[in-house]
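Enquirer: Just so you know, the sequences run in chain order P and X.
This note's numbering puts the first residue of the first sequence at 1, with every later residue one more than the last.
This note's numbering puts the first residue of the second sequence at 1, with every later residue one more than the last.
Treat each hint with caution, since some may be false.
What the hints assert, rightly or not - If you anchor each label on the Cβ, the simulated ranges turn out as follows: (1) 98/X / 107/P: 45 to 55 Å; (2) 492/X / 11/P: 16 to 26 Å; (3) 214/P / 473/X: 56 to 66 Å.
Derived from the structure by calculation, the hints contain no laboratory data.
Glycine is no exception: its CB is placed at the ideal position from the N, C-alpha and C atoms.
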Amino acid sequence: MKLTLHIWRQKSAGEPGKMIPYSVEANEHMSFLEMLDVLNEDLVEKGEEPVAFDHDCREGICGSCGFMINGIAHGPQPSTTVCQLHMRHFKNGDVLYLEPWRARAFPVVRDLVVDRSAFDRIIAAGGFISASAGSAPDGNAIPIPKKYSDRAMDAAACIGCGACVAACPNAAAALFTGAKISHLGILPQGQPERLERALNMVAQVKTEMFGSCTNIGECEAVCPKDIKLEVIARMNRDYLRACWTNRGDVSRDDGI
Amino acid sequence: MELKSKCPTGPIETRWEKHRFDLKLVNPANKRKYNVIVVGSGLAGGSASATLAELGYNVKCFCFQDSPRRAHSIAAQGGINAAKNYQNDGDSIYRLFYDTVKGGDFRARESNVYRLAQISVNIIDQCVAQGVPFAREYGGALTNRSFGGAQVSRTFYARGQTGQQLLIGAYQALERQIGLGKVKMYPRTEMLDVIVIDGKARGIVVRNLVNGKVESHLADAVVLGTGGYGNVFYLSTNAKGSNCTAIWRAYKRGAAMANPCFTQIHPTCIPVSGDYQSKLTLMSESLRNDGRIWVPRKKGDKRPPGQIPDEERDYYLERRYPSFGNLVPRDVASRAAKAVCDEGRGVGTGLGVYLDFADAVKRLGKQGVKERYSNLFEMYERITGENPYEVPMRIYPAIHYTMGGLWVDYNLMTSVPGLYAIGEANFSDHGANRLGASALMQGLADGYFVLPYTIGDYLANTKLEKIDETHPAVTDAEANVARQTKRFLEIKGKRTVASFHRELGKIVWDECGMARNEAGLKRAIARIPELREEFWKNVSILGSGEELNQSLENAGRVADFLEFGELMCVDALHRNESCGGHFREEYQTPDGEAMRNDDAYSYAAAWEFAGPGKAPILNKEPLSFEYVHPSQRSYK
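Sequences and hints are given; from them, build the entire structure.
Expert: What follows is the structure, encoded as structure tokens:
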């Protein structure tokens, strides 16, 4: 099949970018990224610089890849990262527009590559259980009902790709942050730091200049791991409870 | 080169305890005076960085990905072994030790493996405490499944995403230390050289992948947790970025490379579909718990699988290995698949066998199968467009893991003092074949519970001179790195980096893959240097060195694979026996099983760099087996 791709080309963060059209010959068994590999090899052979895009495992689990295809994060197939999207979902003559994630908190590095380090800083602010190596009790010491561990796992499936932010008209990081707060907050091990975690992570989200959540739900629609909106409800509940009960002794509390 | 394994002696049960007591300690107030560099942020590197920082060391951690959470450990699916015996089915530390030594085909150190089995139980506790959502029974207890090479259920799992969850646990511990200021993280930064001063590793040279800046980082010890070299085969289940550059450049600075020919072919991967294929996708070994592997009895039977009646199917693993059946170790299962495909009974393109869940669906119901494997089934369907609940999966072996790596002693230190290798980057625990669900165990054992103890002994015992960035060894190493970048950009040839990588991959897969022989290995050893020469004359790398340049990054990695691949074949040629993942066609039993030669080859082959263009020097570390006596492995 022959496709026309309009791809966002931008040499670096400081330079302006623009859409450039390319034409590429693909077949239906290729993955979307393999189709881009073919384009890039063609470009190099013609002496043009290849399109930069992030990717690594190509199994939909590392969270490296991701860009907009015709305005949809990770493209048209639900619950699928772009590396797992196959060309059989497209047809000859299709015209596709590829753009990087657009969000103030995710500056473009080059072409389709963006800087998502804000996500790491949100985790560093509180997305963990403080359990230093050596201090753990036996794994079966605390029974955890299967439904809790299943729900925690549902939230923990987040791969940190950033599609939720890119899809959100507000560029909010609520689904990402809510997923971590839910994963750890559902488990008994996560209780001691639960409220402090919500305060600290939400404060960091603000610092990073992500937008506010207005319950639109685009994030859930594009999430390749089917993280549900209920994680945002859990985050809000924990955050609200923390605000009511917080006595101002949380180090990162910025008075909100 | 003298290889001192530093393995403790005495009863195997007490060796690690005795050794820990003998290790010198750094007092808590002094730990903050030491700086440690960790390269790689996967299960080994991530857990080591976090734990060293918890202890009080100052840590700098480097990864080439945009975030430490992306390391390739994340893609491990099936699970992690631990000798907890929660299932009351007769498991014990000794049994895990025994299975691992036997599974490794008697080419691993007993002391290391025993320690690994002992620590396995602590790992589960640690991960649960961090919030890893392992699968549970309704009553709330942890649940297990069985895996290849074992007759007990000792594998802990989090759906089909165990590696992801364990890595996220280590990553969160690491981020906590970053937040506390004890770890400084350098993402999108690639290590390109080790700085060795007075024979000791004192730092690394890195390239910032965003702006191309080359800089040095100095420290009191350097730890490499940079994974395996499976991508030398181009098509593998490794992530696209996984590479051997860190361990290869360490090798060139004096660290011995051990057993590079011990590579693992995983039996259950999605078969290749075309030339454009960029990587292979693993379907977890856990599927072999419930899936049955078969091919048609008749050659060239092109009927759809549903139309082939049971009596015309050959469930060849169940037939050949009745006691382990579909759960034989990976090397055995892979070779058996190759054998039936070589006979012309392969399915699909001819390089594939069926993995059939029809019986499992009958026994457990579709919902039961879905609970165990839903994400794997979905992944299979996304890639192939076929629904495995209805049509059997087609699978074929692919390169998955590399048992070889930098030689390390019992303390995980390479032959360069102060330079450590942990996780898949070292050669230590799996011998010639790794059992399923043991990679995660080893990565975390090294990072959480071994290195943090052993590194203190080196720091406490070693007097290190004060150095700074103006030291000639530092400026030389930096200049080397800058020179290589310049050289790449000046070639301006005609061929893409990927085209060279594909060609190298085909050579080593054909000649040094699932089955090897003397003539083929000699062909590869002649061909690889020619390809390397062409690479340095004719590769095309556009753009500059002062920006994000993915072709340039890949060029450096492929240049190293082009050297590494040759050493791998040299090692495979020298080892005139078959063991584990290394199957030499000349050495097999009449029924086609691997035939070891314990008299001549019961050693780890540690290759030493002798200088550019010179043949590497072979050093041998003899292996002795006091507890598990070498025998012909039998899974019948």
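Enquirer: Do residue 98/X and residue 107/P keep their Cβ atoms within the hinted range of 45 to 55 Å?
Expert: Since the Cβ atoms of residue 98/X and residue 107/P sit about 54 Å apart, the hinted range of 45 to 55 Å holds.
Enquirer: Is the hinted range of 16 to 26 Å satisfied by the C-beta distance from residue 492/X to residue 11/P?
Expert: holds (20 Å)
Enquirer: Taking 56 to 66 Å as the hint, is the beta-carbon distance of residue 214/P and residue 473/X inside that range?
Expert: holds (57 Å)
In terms of the numbered hints stated before, the structure departs from none.
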